[in-house]
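Engineer: Residue-level listing of the chains:
There are 2 protein chains.
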Amino acid sequence: MSYTTPDTAIRSAMIDRVKFNADGLITAIAQQHDTGEILMLAWMNAAALDETLRTGRVCYYSRSRGGLWRKGETSGQVQHLVDARLDCDRDAVLLLVDQTGVACHTGRRSCFYNALRPEGIVEITQPDVAAETLYGKG
Amino acid sequence: MSYTTPDTAIRSAMIDRVKFNADGLITAIAQQHDTGEILMLAWMNAAALDETLRTGRVCYYSRSRGGLWRKGETSGQVQHLVDARLDCDRDAVLLLVDQTGVACHTGRRSCFYNALRPEGIVEITQPDVAAETLYGKG
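Line order of the protein sequences matches chains A and B.
The first sequence: position 37 = 37 (the working numbering), numbered continuously.
The second sequence: position 76 = 1076 (the working numbering), numbered continuously.
Hints were generated in silico from the structure; no laboratory data involved.
Among the clues, some could well be false.
What the hints assert, rightly or not - Computed spacing ranges between beta-carbons, pair by pair:
1) A:Asp23 x B:Asp1007: 34 to 40 Å
2) A:Ile124 x B:Arg1054: 18 to 24 Å
3) A:Ala13 x B:Thr1004: 21 to 27 Å
Ideal Cβ positions, reconstructed from N, Cα and C, are used throughout, including at glycine.
Build the full structure now, drawing on both the sequences and the hints.
Structural biologist: As structure tokens, then:
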């Protein structure tokens, strides 16, 4: 399955149906399209969702920086969109993606590595790449 | 893999490390543990997360009703917990579950059935069971 960009009018009509919250955001889940692995959870505003649908490259909204967050722009760890699906309430979106490298800023493939186990919080994966390698040393 | 309940002290210590938002909530993703299918996205407060970890049956927090939402209590469509994993920021939790029946209140297995396609929003699945069957006719 490969992604095809909807035209501007279709994108606009689809985004009009999304229920953004009081801050203008929806929750976005990124899942590796072929393995089913959950990579990360982040947020999108209307502009981020439109850019993602237009370009086929995933763009989030960074709540900490207050602006668009083109995933992988600094690290090179981009997400190519395969399919996007709204839920029944249209206030969350599932992004099926092809992840280049790792999704997590810690250098792990997935952000969800802290398992809640009988012995406490257990890190079930280690970084595939050092964070310094992803983001430079300043 | 089967779920083992952490004891009270371990649960309490783990929940102390979770970063709940200003409303006291975290985002929760439910994924069918063996197929990787994303079932739904909902919210948990500390009490819901503790009940889930204690009982091995998933309990959310309903923002619309303002109280605990024991998934399947009315419909019988319960979620048995297999594993729970916090993300790197500890403000979202991935629940690997065994879903009885359907997760969505529309009678579909997954809530994420509205695909954003070149032709517009396309419903890619139909209900497996009528909502009236799940919730009665009042």
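Engineer: Going through the numbered hints above, which ones does this structure break? Give me the numbers in ascending order.
Structural biologist: When the structure is compared with the hints, only number 3 turns out to be violated.
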